[in-house]
Structure formats: structure tokens, C-alpha cells
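In the order they appear, the protein sequences are chains A and B.
The opening position of the first sequence corresponds to residue 246 in our numbering, with each subsequent residue numbered one higher.
The opening position of the second sequence corresponds to residue 12 in our numbering, with each subsequent residue numbered one higher.
Hint data in this document are derived by calculation from the structure and do not stem from the laboratory.
Errors might be hidden in some of the hints.
[To be verified] Simulated DEER-style distance windows between Cβ atoms:
(1) B:D720 - A:E376: 21 to 29 Å
(2) B:S83 - A:E264: 47 to 55 Å
(3) B:A68 - A:G328: 49 to 57 Å
(4) A:P265 - B:T649: 52 to 60 Å
(5) B:D707 - A:G328: 40 to 48 Å
Glycine included, C-beta positions come from ideal geometry on N, C-alpha and C.
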Amino acid sequence: MMRHISMTVNGEVRREQVEPRMLLVHFLRDVLQLTGTHVGCDTSHCGACTISMDGQAVKSCTILSVQADGAEIVTIEGLADHGKLHPIQEAFRAHHGVQCGFCTPGMIMAAKQLLERYPNPTTEQIKNQLEGNICRCTGYHNIIKAISGAAAAMANPAQNPTTAT
Amino acid sequence: MLGQAISRKEDERFITGAGLYVGDVRLPGMLHAAFVRSAHAHAYVRSINVERARKVAGVVAVITGSEWPELSATLPELNGSVTLTSPYIDSMKNVPHHLFSKKVCYVGEQIAVVIAETTYAAADGVDAIEVEYEPLPVVASWEEAIKPGAPLIHQGFNNTVAHLKHEVGDIENAFRNADLVLEKRLETQSLKSMAIECRAVAAQWEQATGTLNVWSTCQFLYMLRGTLAGILKKPAESVRVIARDIGGGFGLKGVLHAEDIIIPLIAYRLKRPVHWVETRIEHMAASNHSGNQTNDVRVAANRDGTILGMDVKMYKEVGAYDHFDMMLQINTLNHLTTHYKIPNLRVEGWAICTNTPPGSPYRGAGRVEAVFTMDRTLDAIARAVGLDPIDVRLKNIVQPSDMPYRNGMIYRDGVPIAYDAIDFPQLLNTAKERAEYDLWRQHQKDGRAVGRSIGIGVSSYVEAGGLGPCEGATIAVDDQGRVTVKVGVNSQGQSHETTLAQVCGHTLGAAIEDVHVLGGDTSLMNIGFGTGASRVAVNSGNAVHKAAATVRRKVTVLAASILGCAADEIDITDSVVSVMGARQNRMTLGEVAQRAMRDRRMADLGGPGLVATEFFYPKTVTWASGVNIAVVEVDRKTGKIDILKYVFVHDCGLPLNPMIVGGQVSGGFAQGLGIALGERVVYDEEGQVRSGSLVDYYVPRAIDVPDIDVTHLTFATPDNPLGIKSIGESGPNSPPAALAAAVEDALGGAVAIDKLPITMSSVLQAVRAR
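Model the full assembly from the supplied sequences, consistent with the hints where possible.
Below, the structure is given as C-alpha cells:
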């Protein structure tokens, strides 16, 4: 028994048939072949599968794809603007916030919501907001620097070298 | 370029979601596998009813191990970077580990595989399978396993599968002459590497070339290639193992697990690609763990704090199958004396099987156990003789004037250990200054007067890295000036594509953006020894250096001939080859490469093209080292540990890229913090896993990790051309010992903190025990 669903993913309308039990993360990875969104735990603890759904950071392993019917989804693949990296992406590279890269897409998507909530976050706010995202490689120090750096770049795009085109 | 903090070349794909992990492999006609796993820790499998599963929509096959002769294979007896020569081990008996066994020996052991068109159908198939067990008595801890009359885990084998002993000096004499003798039991817990990417395998029989292509999360790809080729009775080249983007390894992926072999064998037989991606629950239950280790210590010392001798008994749980001989205990032994002189030493160790998943290394690989044992012992002596912990360390420290210093141990490569060109007192004194040690001792005193429990802990580590035998590199320059560096190792996040490009660019004179590092594919290099034991920078780094130097010689000789100058007048910078001082006479590296293809002068330079392969053989391991100091405050009401200051001083030789070294220290520290404060694999007495999810197994979150004050000292080594040492396993070694010491100190030393992890409840117990 298949269900028709339709959603906008990274600006493109996608209409597909899915099993009602299919998780959103599997829909993105296996049906749409958007493999940038990762699965790290299946139980919504690690945050590697974080995407943006109607402007909210959501763990895509925790909802069914039918629940996203009609939604507007942005994944890591849709964050750059016509090839120009988002300041958060730039900052993760500039501050060495990436080692193995597996948690990175979820971290960046979580950071996006974090900076929408707190455009000028304190270190404490960043740490608290990252509660749902686990990184095993970096010890978080450089991720925190990257998010602070991204906040500065987004507040003042002209002055920060990491956002230069 | 070398030694500069340039950003990573590999990051572009990771920050855009374009990384290609094994779970991302998509192949035409690909099938999906799911495993039926044992519900019991020890049982005979009496029957497997697969009839219902075969009828599930989408299920293609159910495999129980009897289908094809190659499924009766065993896993490689010894795995990965194991002991090459072992002067310590005097008995060892390995138990064959079958891909499918009629007797399961741990919860989660594979019993059958369902192959289906989708992952969902495969899971449905697993649910439809009924297994009938005949449970057997379970031995879930090493303490139970060594009791007289304990149930045997493997018929015909003792539960203790290996034994070692080693003695330096005259230990009995040391105890006879000591002012005091202290005894301690130090318990370090079993851990999981807990990479955020679980394990995965994809395999495809490529009919057009007769090649079995295997994508694997394995750290030791050549071992997987050799094992599969051996089972299939094919030449090694007919199996291609690809392991490019791996989402963290830390040791657990440095092991061949049964699935790594079973999935390719099924793909080979079914002639369709098969994909298996481990779930986190499977990972927690069935993937390897590091095994509990208990070290019983007797130490002989004088009243002035001088250690005369140590007598250590090491009990190590190795799980149901021991694939690492006694490598972890040997690492503990070889790192045990850290920065200190232990003139007389006796160590005896036992490797003990239990009904838990097989054991394997986790980052640090026995070093955490060594450091915890040594530092906790030094702290006990300090307390017994009334000295400050730093003073007792200075009393026993190996001085620069003692170099080269031999501690009487023999490394796993068979070479006696010798420290050289390391200044241990400088590491300790720098840490003491950075920590404002004396000031915090005053704060501690002042705080005590107003009911605050502040404590300070010190820990020192050494890290042997760069274990051989060797690594190779092939460097080629194409006619566009693109420089390709091929290496026989793969990355789980270590930044090889950047650091090895820096080495190549530096030595050859190529611009960093022209250098492309390729690894993690057995078709690139025919030989490699794997990523583990902090060995890539030293081995592959120096191999890249040697190969780049060879290519540079070819460029220099040919270009000098073309440009009409002497070879020593040639300069190569930023991929431009020029005659020094003469601005006009220049070629690009690409132009030289183009000429090198057909120019007869290359006949004397090793043949056509700018290409060279070189191997680097280290004499023995390099010794990185460091000192950590922790200042904590303990909340006596809740048992919460607040880290007020954390200082990390270390040496790893010349850093290839200080930013990346810093990242290794941060990440390793956080793992050490997890070991100190909460990480623990727990099995109950029936062998059921109690740490089965990321809720039950603590992993540090951002809010848990304090800032650290890092100081890099550089004691370059003369033992390799680049003067580099390792950094990969430095981070986790000292935080458990430093934090245990700080907590013990905060509570006034009344209760010894000798067991990891130091949970809030264990702190509360210590508070109440006072």
C-alpha cells in the first residue's frame, strides 16, 4: 500500500510514492539519493540526520516521510547558494570544525537554526543548543569556534574574509 | 607550506554533503542485507526456521551458513597491527572464529542473513525467522571466567587464552629494601570507539573484469582483500577494497568483523551487489568492545618518594574471540613507566575470554590503562610520604641527562625501547606554570575554609607511534602539472589529503592546490599496512617525502639539461621550475612532465614520466609525550565534577599542520574526558548489553567539554627525515588519571579513586565513605 507524497526539497518539488512506514531520512537518502544527510544512531540521539523542515531543524530519522507531505525541506546539499557556500559551511572549514565529516551535515543544519535563534550567540548558548548533535572527532572546540565565526560573518558579511567570493 | 595551518583540502565535500561513505554507495540492482542475531550470550543454535522469511515480499534469499563451502571460513586468527615479535608472551592458544557457528558465544552474534530488495523488506525477513536455542551457562566477566570450575566458553580451550610475563632488574630485592610497600587495584572499563558512522559493507561482483569490488569501513583494507582472496582462492588483485570516506574509526574498525567477509561472499555468489549498513543497536550489542582491564599493583618506595620497584598483574577481558594476541596488555606494559624511572619491574598478564563480543583496540589502545596505573600509583606514594604530587614526580622523572634512556622494555617491533631527545621536566614544569599550580593550591586551601572542594590532578603520558613495518607512496606529475600522491592507507578523518599534500608540495616544490592525495583503494597501491597505531604521519609522511624527493631529482636533472644550467641552479617553487637568478628561463612542472614522457634523457632517470614510488621503513617507533593538569571542584551534594581549568602540554615532534594537530588534541581530549567521567560498556551476568544506545552509553556532548589550555612543545626526532612523531593517540591518555587525581584530591584523599569511570554516583559514594 503506497502513498503519494509531495514536498519541496532544496527548492525543487518532488512527487514520489512511498511506503507509509518509510522514515524521512530514508526517503531523502534512498529515494531522492540525497546522501549528505547521514544516519548515526536510528534513535534521534546523534543528530547526524538533522535537516530543515519548514524552517525548523528536525531529526529526519524521527519522522515519517508521509508526515513531511507538503513540507519545505532543506538538506545540506541545498545550503549553498548557486555554488556559493553558506557562511556556516565556510566557517566549519576555516576553523577546522570537520574531521571525519560524518556528523558535519547535521551539525551545520543544527547551527543554521541556532544562529536564527541566537544571531550573536555566547559560547554557552552554542554548547547548549548543540545538545542533540554528537561529534566524536573534534571535541567540539573548533565547532564552537566555527559557529561563533559564522555568526560574525553573517552579521557583517563585508568584513569577514571567510565569506569573500 | 609544511608546518603551516592551512585549511583542509578534503573539507569541501564534507561541508556540502558530497562525502562518499560506504552507506552512500548506490549500485544498479543492489540488494540489502539484515542479520538475525543471537538473543543469548551462550547457546547452541538448535534450529533456524526460515520458511516464513522466504515468503516475505521483497526477500530474495536467506543465508544460514551452510549454503556454500566458503561460508564455513574463519576470521583471520590475528587482526590488524598486531604484535610482530613478542618476547613477553609465553603461551597463547587461539580459538577458531567461524563466520557462522552452531554455538553462539555472545549476544548479537550473527546467525543468519536476509537478503532483500529493500532495507525494510530485509528487516521484515529478519522478524519472520524463528531460532531455537539451547542456552548454556554464561560467563560474562573475567572475574567469573578465571574461577576454578567456571563454565568453558570454548570446548577444548581454557578461558585464559594467553599469558605474558616480563621482568626488569631484581624485583624481590627492591621489595626487601623498601621503606614502604603500597598495594592498589586499578580498574579501567570496557569502551566502544563510538564513531558516529556505524560499520558498513557494499560488495559487487564485476563480471566484466572478474573483480570483486568491496566498499568497507575497515581501517585495514589490505587485510580484508587478502582474507577474501584467500577464501575465494583468487589472486589478491581480483579483490578491490575501497575505503575512502570513513566516519571515524578509533580502533573498532581496525578489525575484520564477520559481516566484512559474509557480505562480499554473498554478493559473489548471488552475482548482485549487496549492501549492509549496521544499525546503532547492532553496533552497541555486537560490534567489538575494548574489554575491561584490571591492574593489581604492588609498589616499593623509599620515604623520600623514590620508586624502587613495581610488581603488576594485568587481567584483560578479550571477549569471546581473541584476535589481538595480547597487544593491548603489551601496549600497557610498554607505556607503563611513562616519564619515570622504575629500576625494578615485574609484570604478568592474562588474556581472558568472556561471553561478550570480541575485544579490539580503542584509541589509546592500552595506554590509558598504563597512564592510569602509573599516575595513580605515584599519587598514592605522594600521599603516603607526604609529598606534593609534582614533587614525587620530579623525584622519579627521567632527566634529559639520562637520555638515551632505556626502560628495559621491548616494543612490538622487537626493538628495545629507548627515549631520546625528550625533556620530560620541561613538559611538567610548563604544565605547572600554565596551570598556575601554586596559585590553585592556595585557592584550594582558601576554598576548603569556606566548604569548597577543589582538587588538582597531574598526569603524564608517552605515546609510541609510527609503528612499521613501512608504508609506500607513488607520486606522479601529469602534463597539466597535477601532482597525484597515492598511498596505501585510508583516512577515518585524520586529514591525510591535506598533511600528505603539504609534505609533497614542500619537498617537490609544487603548489598545494596542484597536489591531490589518493588513498583507501587497494587498486592504487599494492601494499599497505593500515591506518592505526598512530602510524600514518610517520610512515606515509616520510614515504611521500622520499617519493617527492625522487621526483624532484628527475625534474631537476631534466630541467637543468633543457634550460642549459647546472642541476644545483634549478629552483622549484609553486610548481614553477626556473634557473636561479634568471627570470626568463623557466618551465612549469607540467611542461617538464610533458617533456619527461618522450625524452630519451629519462632512460638514465628511471624511465618515462615524472613518477616515483618509495617506501619508508622506520627504525622503530617514535615517542610523543605530554603532561596534563586538571583543576576540578566537586559538588558534595550531587557528586558533580566541575572542571575549573585543564592544561594540556605535549610534544609530537615537528607538526605537519598545527591546526590539524590541535584538532587531534581537542578530539582526543574529549574522548579521554568520556573515559574519565562516564563511558562504559556494561554487560549483566547473563551477558545482555546494558549500554545498548547512545542514552545508556555516555558520549560527551558540547556542553560537557571544557576549554583546554594547550601548549605545543617541539622535541624533533632525528629518527626520520621529517622529524615528526605521532599525535593520534595522545589526547585520551591522561584525562582519566588527571581527573581521578583531582577528584580524589578535592575530597581530601580519604577515598582512592581507582576505578573508571568516575560517575557522579561513585563520587557521592566517596563523599559518604569519608
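- Query: Does the structure break any of the earlier hints, and which numbers would those be?
  - Reply: 2, 3 and 4
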